[in-house]
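J.: Sequence:
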Amino acid sequence: KNNIPKSSIENSTLLKKLLATSNQSIFNMDCKGNYHFNGNFHNANDLKNSLALLKEQEEYQFLVEKESEVILQIFEEVFNHKAFTGRSGTFFGYEGLGSIYWHMVSKLHLAVLEVIEKAYQDNEDKSVIAALSAHYEEIGEGIGVHKSPEVYGAFPTDPYSHTPAHRGAQQPGMTGQVKEDILTRKGELGIKVSAGKLTFDPALLNKNQFLQQDETVSFNDLENKPYSIQIEKGSLAFTVCQVPIIYKIGVQNQIEVVFKNKQTEVFSSLTLNFEISQKIFNRTGEISQLNVSINI
32 KNNIPKSSIE NSTLLKKLLA TSNQSIFNMD CKGNYHFNGN FHNANDLKNS
82 LALLKEQEEY QFLVEKESEV ILQIFEEVFN HKAFTGRSGT FFGYEGLGSI
132 YWHMVSKLHL AVLEVIEKAY QDNEDKSVIA ALSAHYEEIG EGIGVHKSPE
182 VYGAFPTDPY SHTPAHRGAQ QPGMTGQVKE DILTRKGELG IKVSAGKLTF
232 DPALLNKNQF LQQDETVSFN DLENKPYSIQ IEKGSLAFTV CQVPIIYKIG
282 VQNQIEVVFK NKQTEVFSSL TLNFEISQKI FNRTGEISQL NVSINI
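Numbering (my numbering), first residue to last: 32 to 327.
Derived from the structure by calculation, the hints contain no laboratory data.
The beta-carbon is built from N, C-alpha and C at its ideal position, and this holds for glycine as well.
Possibly wrong hints are sitting among the right ones.
Calculated pairs, BS3-like style, for lysine-lysine (alpha carbon to alpha carbon, straight line, at most 27 Å) [what the hints assert, rightly or not]:
#, residue 1, residue 2
1, 217, 178
2, 228, 217
3, 79, 32
4, 310, 210
5, 238, 149
Label-pair restraints from in silico Cβ distances [to be verified]:
#, residue 1, residue 2, range
6, 129, 256, 44 to 52 Å
7, 265, 63, 50 to 58 Å
8, 269, 63, 38 to 46 Å
9, 265, 86, 52 to 60 Å
10, 207, 76, 27 to 35 Å
Could you put the whole structure together from the sequences, leaning on the hints where they help?
T.: Structure, rendered in structure tokens:
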């Protein structure tokens with residue numbers, strides 16, 4: 032998809048002029064010499080808007096007036112939107128354009144998170160990471176559980192495959208979406224393992240996700256017996272291999288390891304050593320809690 036035939040470029044005076052003037056508002060040429068429509072276009076309306084903006088520039092005005100319909104036709108020939116009906120040919124109902132596949136939103140969410148993690152590893156410019164993070168948050172807000180019942184077409188916490196534009200949510204039942212959502216939350220919490228060592232690097236965690244008041248949180252121990260921990264305001268709790276991890280915003284990054292015998296050990300970074308990491312992974316029961324201070 033999104034490969035414009037070379038002949039379409041050669042037959043359009045407007046497209047050739049845009050190429051000659053390095054104007055990429057409509058299309059661009061990649062490093063292999065292939066042509067593609069602007070990747071930010073969602074549909075033909077976006078293309079029309081770009082053509083309208085282009086028309087405001089005197090050097091393109093005449094050609095835009097002359098060739099707009101031709102460019103729109105090329106756009107339709109490239110994507111062939113009218114032919115896309117999803118799986119409607121073999122399934123019981125329409126699943127084509129206008130349908131929101133909730134699992135696909137989560138897949139995109141996870142893909143952007145992986146790009147952000149790589150950007151951090153490659154020490155990319157902060158502005159790039161900030162822009163990616165903004166997109167990540169926006170995509171997250173598009174997941175069904177955050178939608179109103181009117182938009183989702185059902186109770187937002189009930190799992191459904193997709194929601195067509197003309198009716199409520201369809202195909203009830205848990206899909207693979209839960210896998211992506213678990214992986215993205217793991218990424219947000221910054222849970223990483225390298226060389227057998229457990230690290231906490233919550234670069235995507237927002238301060239508004241921390242408790243606004245003291246709470247009592249219930250857990251199950253390794254023998255499946257319930258117990259509770261009092262979590263202070265400004266904290267966040269989860270578990271790794273059934274060991275409670277308590278995040279708290281602080282001035283410096285450090286981990287306090289609380290052992291079952293009440294002794295403690297402090298690490299002045301967000302990475303545990305191999306020995307303690309293995310105790311957690313192997314569920315030895317020797318470690319009762321980790322208190323992680325993070326500077327975000």
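J.: Would you mind marking each hint as holding or not holding in the structure?
T.: Evaluation of the provided hints:
1. 217 x 178: Holds, at about 22 Å.
2. 228 x 217: holds, 16 Å
3. 79 x 32: holds, 20 Å
4. 310 x 210: The given pair, whose Cα atoms are some 26 Å apart, holds under the 27 Å limit.
5. 238 x 149: Within the cut-off at roughly 23 Å; holds.
6. 129 x 256: 44 to 52 Å: holds, 50 Å
7. 265 x 63: 50 to 58 Å: holds, 52 Å
8. 269 x 63: 38 to 46 Å: Given about 45 Å between the Cβ atoms, the range holds.
9. 265 x 86: 52 to 60 Å: holds, 54 Å
10. 207 x 76: 27 to 35 Å: Since the Cβ atoms of residue 207 and residue 76 sit about 32 Å apart, the hinted range of 27 to 35 Å holds.
Of the hints listed earlier, there is not a single one the structure fails to meet.
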